[in-house]
Amino acid sequence: MAEFVRPFVSGGRIVDATGTYLCSLARRIWHGYLLEGASCTEALLPLFDSSCVVIGTGRHEFYENLADFMHALELDFSESASIDFEIVDEWYEHRCINEASYLVYGGVHVREKSDDNGALVDMDTRFSLVFRRDAADGEWRIIHVHQSLPYFEQKAGEYYPRTLSEKACEAMEMARRMRELARHDQMTGALNHAAFFDGAEEAIAAQPEGWWCFVSDVDDFKRINDERGHLEGDKALKALAAALLGHAAPDDLVGRIGGDEFAVLARLGSASDAERFACAVKERFAACVAGSVGLVPDISVGFARVEGSFRDALAKADAAMYEAKRAKP
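Numbering (my numbering), first residue to last: 4 to 332.
These aren't lab readings, by the way, just hints derived from the structure by calculation. Model, not experiment: these values are computed from the prediction. Even glycine gets a Cβ: it sits at the ideal position worked out from N, Cα and C. Errors might be hidden in some of the hints.
Pair by pair, the computed Cβ-Cβ distance ranges are [said to hold, decoys possible]:
1. D137 / I58: 16 to 24 angstroms
2. E183 / L38: 42 to 50 angstroms
3. D71 / D125: 24 to 32 angstroms
4. R279 / G232: 30 to 38 angstroms
Think about it this way: if two alpha-carbon atoms lie no more than 35 angstroms apart in a straight line, the pair counts; the simulated DSBU-like pairs of lysine-lysine are [said to hold, decoys possible]:
5. K328 / K225
6. K238 / K328
7. K225 / K319
8. K238 / K331
9. K241 / K331
Turn these sequences into a full structure, and let the hints steer you where they fit.
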């Protein structure tokens with residue numbers, strides 16, 4: 004039906020044969036694309052003008068001519084060849100612009116068929132097609148295609164997708180929290196083993212000078228667990244972590260590196276500064292456990308300057324901590 008048939012009123016209704024015909028072409032395109040796949044290309048190709056502009060839903064889906072669109076369509080068909088679609092619902096409307104131009108618009112709800120009734124693809128798409136009648140041969144061809152997908156999170160009456168924006172912010176915050184959880188020891192809030200060692204290596208590589216390494220643990224930790232119970236042992240660990248975190252500078256690193264053992268990487272000026280750091284941590288810990296009944300927890304702290312590798316300094320600090328334990332009465 005190449006010729007234009009002017010809409011007319013019959014029985015109180017507007018009859019637009021051309022618009023109805025173009026809606027049937029739109030339906031033919033969608034059914035061919037979704038249900039027939041690549042086999043429909045040859046039949047559908049003549050319906051598009053060579054300069055047709057196509058805007059799809061994907062970031063890259065913007066095509067300014069038919070050749071580029073057909074190339075993308077071939078790739079599309081190759082990726083979706085194993086998917087069996089079904090059309091759940093569809094609707095088509097038309098509007099006459101002038102004798103040589105029509106707008107056809109509508110919606111197609113499509114989903115992937117699945118033996119277990121689960122749908123991996125569920126797409127309720129809206130579209131608009133602009134048809135123009137070619138002056139040379141009188142055939143109707145598509146000069147513009149636009150497809151869009153609604154935000155499922157956008158509520159009725161919500162013209163700006165605020166709900167989607169809120170959920171995106173929630174997802175970003177959840178991702179941030181998950182990253183934090185993956186880096187920290189859940190009981191004490193200190194960095195976990197992997198995060199501490201990775202952070203220490205990175206910090207020293209970025210600025211090799213001025214670092215001191217500290218190692219500390221709870222004296223007689225097994226005895227505390229055995230005599231006072233694991234809850235009291237947990238309290239001692241939390242107190243040690245609080246003492247270390249409370250005295251560390253914002254750029255220092257505090258990590259639980261195993262069992263009751265913690266480590267700190269701190270930027271300090273001298274051995275005297277390191278000694279004052281260790282004493283301050285012990286005082287903070289004592290304040291945290293003040294009032295404990297029975298076996299009162301205590302800690303030992305060892306430290307060493309980072310002069311070569313971080314792990315060498317950690318080993319020296321660990322040895323210094325055990326030397327401090329042996330020196331206690």
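Outcome of the hint check:
1. D137 / I58: 16 to 24 angstroms: 22 angstroms, holds
2. E183 / L38: 42 to 50 angstroms: 48 angstroms, holds
3. D71 / D125: 24 to 32 angstroms: 28 angstroms, holds
4. R279 / G232: 30 to 38 angstroms: 34 angstroms, holds
5. K328 / K225: 15 angstroms, holds
6. K238 / K328: Given that 35 angstroms is the threshold and the Cα spacing comes to 21 angstroms, the pair holds.
7. K225 / K319: 24 angstroms, holds
8. K238 / K331: 23 angstroms, holds
9. K241 / K331: 23 angstroms, holds
Figure legend: structure checked against the earlier numbered hints; every hint is met.
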